[in-house]
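A.B. asks: As a plain string of letters, each chain reads:
Protein chains: 2
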Amino acid sequence: MAVDTVEFAGTGEKFEWAAGSATFAALATAFFATPRVVGVVGDDFPKDMMDALKKRGAELEGVEVIPGGKTFRWHGRYAPDLASRESLATHLNVFETFSPKIPSAFRASRYVLLGNIHPALQSSVLDQVEKPDLVAADTMNFWIHGERAKLEALLPRIDLLIINEDESRDLSGERYISRIGKRLLAMGPKRVIVKQGEYGAYLFDEHGTFHAPAYPVESVVDPTGAGDSFAGALLGYLDAQPVLDRGAIRRAVVMGSAAASICVEKYGAKGLLEATHDDIVNRAREFASLVSTH
Amino acid sequence: MAVDTVEFAGTGEKFEWAAGSATFAALATAFFATPRVVGVVGDDFPKDMMDALKKRGAELEGVEVIPGGKTFRWHGRYAPDLASRESLATHLNVFETFSPKIPSAFRASRYVLLGNIHPALQSSVLDQVEKPDLVAADTMNFWIHGERAKLEALLPRIDLLIINEDESRDLSGERYISRIGKRLLAMGPKRVIVKQGEYGAYLFDEHGTFHAPAYPVESVVDPTGAGDSFAGALLGYLDAQPVLDRGAIRRAVVMGSAAASICVEKYGAKGLLEATHDDIVNRAREFASLVSTH
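Line by line, the protein sequences are chains A and B. Heads up: the first sequence runs through residues 1 to 294, numbered per the working numbering. Heads up: the second sequence runs through residues 1 to 294, numbered per the working numbering.
These aren't lab readings, by the way, just hints derived from the structure by calculation. Small disclaimer: the values here were computed from a predicted structure and weren't measured. Hints are not guaranteed to be accurate.
Any copy will do: because identical chains look the same in the list, a pair fits if it lies in one copy or spans two.
[Claimed, not checked] Each computed SDA-like pair below joins lysine to any residue, with the alpha-carbon atoms no more than 25 Å apart:
no.	residue 1	residue 2
1	Lys182	Gly197
2	Lys190	Thr293
3	Lys266	His277
4	Lys182	Gln196
5	Lys70	Ile102
Make a model of the complete structure from these sequences and hints.
C.D. replies: Right, dumping it as structure tokens:
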């Protein structure tokens, strides 16, 4: 959970707002299921966002509030085409000594999303939960290069690795998507999703290869949180399904893509905050027409 | 029609072979229909390739052979990742004064592909043909920037613009695929296909938006001719269909993607020369599984 200061070089705008992977993912999960949030904030984390999460049914007892502490803060600037961004400042603050503690009420959760933190901390979360149906994990180049051994130890313990295309190339050492998928599956996770931004996402699992296009949005306003929205909606949708089979996970990828597309159309978490369950589902329905050969 | 000298910086290899848009497109068309080729060569164009085209049923009376002339020659070098290439030399040779003359036997052709030449020459081809069912045209940045007015005059006369993503941004002035599609349709063509290389292709027409992923090949050996294979197979497939409806054109995009993927797996035209009709169709069938949400 974070407070971001985001500048947009294209428009000259600058904003500060509540953000962070857990925030975006929880808002997206809430379209389908009850998010249980684990994280840490200072007493500066915007109350509006805490209220918005509560209003959507999020269970927040896993969110530590450190009195007198300051929330993790990121300050960045997007290039005019929004395709890249530079980090101007990162203050870990209360996040620096964060070690996730899973409340006992959360330990039997069926779906677990391990956010993009140190792989040893991700493993420590798994040590605290009881037999979930599916464990998904995100990671990033920082851990791929800096903590490769710990990341490799985590991968066989997870059911779904969700990773950006750039990161997937770094982790697999492969250039082409088909080989990337094979190589990453061989590293241990049961399923792998490679996200290609505006070009969609690939899912690799025992049933083969699936591709979902990105929803062709009219324009992107702010890419922040797209990946977290994707993961949050995907797991929320799965939690609401009777069976976790080949079709369910494929449709969950589409649902994740729909949520991500709604996220990027507005600033910060605004897209997710304003959308309804039906907005996500209606957008996901358009995917069927987008790939129909009839 | 061209003789290419192609260097691969990644492997240090260097080859010379028969190539050119018309050659690749005709080989790909021949999987489904009879290609009628219009072009110009010198007497140095490899006889093997002419024989290969004839063997596949291509009608070659539109190919002018200039005695003592030299064929268009391109010499280029691909970067190690094959994502970019530099032109080391281009010799127009007999192509310099080429003005396409459509043989009378070709004038009633139902499908016409206007290769990537000066838009005024593309228009002159259209003046020579009788009411085709569909006219497709390729173009490139060189004409978009240098001959924009003539290109804009051509667009309302064609049924299908086939264009790379970079070029589509240049021509439309838009960044996002959805707006690119709308803007390009507004410029006159009945349908627009935007090719995104390894990320697939979008089709925009009166029926809406269609997306086909690229076939996830294990590795790319030589990207030359991928776009021409795409267009050639697409039109060949359409020519073999009873009705040119929404589904036919969508399936034709998939067939084009299948042919392009087979082209890039081997050097030069080798992939197309070694493949059969069934290889293309079987690969196209895999697309159904790739996007199935069941």
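A.B. asks: Determine for every hint whether it applies to the structure shown.
C.D. replies: Comparing the hints with the structure gives:
| no. | hint | in the structure |
| --- | --- | --- |
| 1 | Lys182 <-> Gly197 | both (20 Å within a copy, 21 Å between copies) |
| 2 | Lys190 <-> Thr293 | between (30 Å within a copy, 18 Å between copies) |
| 3 | Lys266 <-> His277 | within (17 Å within a copy, 47 Å between copies) |
| 4 | Lys182 <-> Gln196 | both (17 Å within a copy, 23 Å between copies) |
| 5 | Lys70 <-> Ile102 | within (21 Å within a copy, 75 Å between copies) |
The earlier numbered hints are all upheld by this structure, with none contradicted.
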